[in-house]
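Going down the list, the sequences are from chains F and R. With the first letter of the first sequence counted as 1, position 54 gets the number 54 in our numbering; the numbers rise by one all the way through. Numbering-wise, our numbering comes out as the position in the second sequence, counting from 1, plus 1000.
Incorrect hints may have been included.
[As the list claims (entries may be wrong)] Chain F side only, calculated, beta carbon under 7 Å to chain R, not exhaustive:
#, residue
1, VAL43
2, TYR50
3, GLU53
4, GLY111
Hint data in this document are derived by calculation from the structure and do not stem from the laboratory. All residues carry an ideal CB built from backbone N, CA and C; glycine is no exception.
Single-letter residue listing:
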Amino acid sequence: EPEVTQTPSHQVTQMGQEVILRCVPISNHLYFYWYRQILGQKVEFLVSFYNNEISEKSEIFDDQFSVERPDGSNFTLKIRSTKLEDSAMYFCASSALIGRGGGDEQFFGPGTRLTVL
Amino acid sequence: QKEVEQNSGPLSVPEGAIASLNCTYSDRGSQSFFWYRQYSGKSPELIMFIYSNGDKEDGRFTAQLNKASQYVSLLIRDSQPSDSATYLCASGETSGSRLTFGEGTQLTVNP
Chain F
1 EPEVTQTPSH QVTQMGQEVI LRCVPISNHL YFYWYRQILG QKVEFLVSFY NNEISEKSEI
61 FDDQFSVERP DGSNFTLKIR STKLEDSAMY FCASSALIGR GGGDEQFFGP GTRLTVL
Chain R
1001 QKEVEQNSGP LSVPEGAIAS LNCTYSDRGS QSFFWYRQYS GKSPELIMFI YSNGDKEDGR
1061 FTAQLNKASQ YVSLLIRDSQ PSDSATYLCA SGETSGSRLT FGEGTQLTVN P
């Protein structure tokens, strides 16, 4: 069964460093998302991406964050200058364009645990 | 602020019982509703989605939606110890829109 994959599974970085988190969405899906979950807290939306551009972003997704689809398979989240409070699990998700008038099912990858020291 | 609220739990049921999980949402523009299961340290796994008022059954799971009351529920019949996890309720507006998640309800099924 197709699935979303993410690398690395765990990333440790120093405060102020740049990190890039990578995702390979399900191959026939057209919408891509990043969410994060701080330990013990709810899953929070960061950004959605469709047709090679950001379609929606949350207030968390400030100028320190960027997303890119550098080729036909990868989808990346870059954090330019990490802060301690960026420590969280980052999930990539993807969904197909079905257009039944509701939000289409989003399938999540296994996540990247980011630890900022 | 669009919010999804879940009964706080934790919820503990004996093996074989019915587990009932509840969720309310504040955004009347929400069109679709999802139940995810999340094991500790793992990612959310989609188990049910529902778009229309009424019940939707899939195996041991039944999702119920009442848009007038802005209420969603998940029933798990014949609960198994492997169902022990945190259950996340989420809502979405349109195709490709963000999902708004609740805090989750931790379910423990005791053998």
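We went through each hint and held it up to the structure:
1. Using the Cβ-Cβ criterion of 7 Å, the hint placing VAL43 (chain F) at the interface with chain R is satisfied: the shortest such distance is roughly 4 Å.
2. Satisfaction of the interface hint for TYR50 (chain F) is found here, the shortest Cβ-Cβ separation to chain R being roughly 6 Å, below the 7 Å cut-off.
3. Interface restraint check for GLU53 (chain F): the shortest CB-CB distance to chain R comes to about 12 Å, outside 7 Å, so the restraint is violated.
4. Interface restraint check: GLY111 (chain F) against chain R, minimum CB-CB distance 5 Å, threshold 7 Å, status holds.
Hint compliance for this structure: hint 3 is the single one not met.
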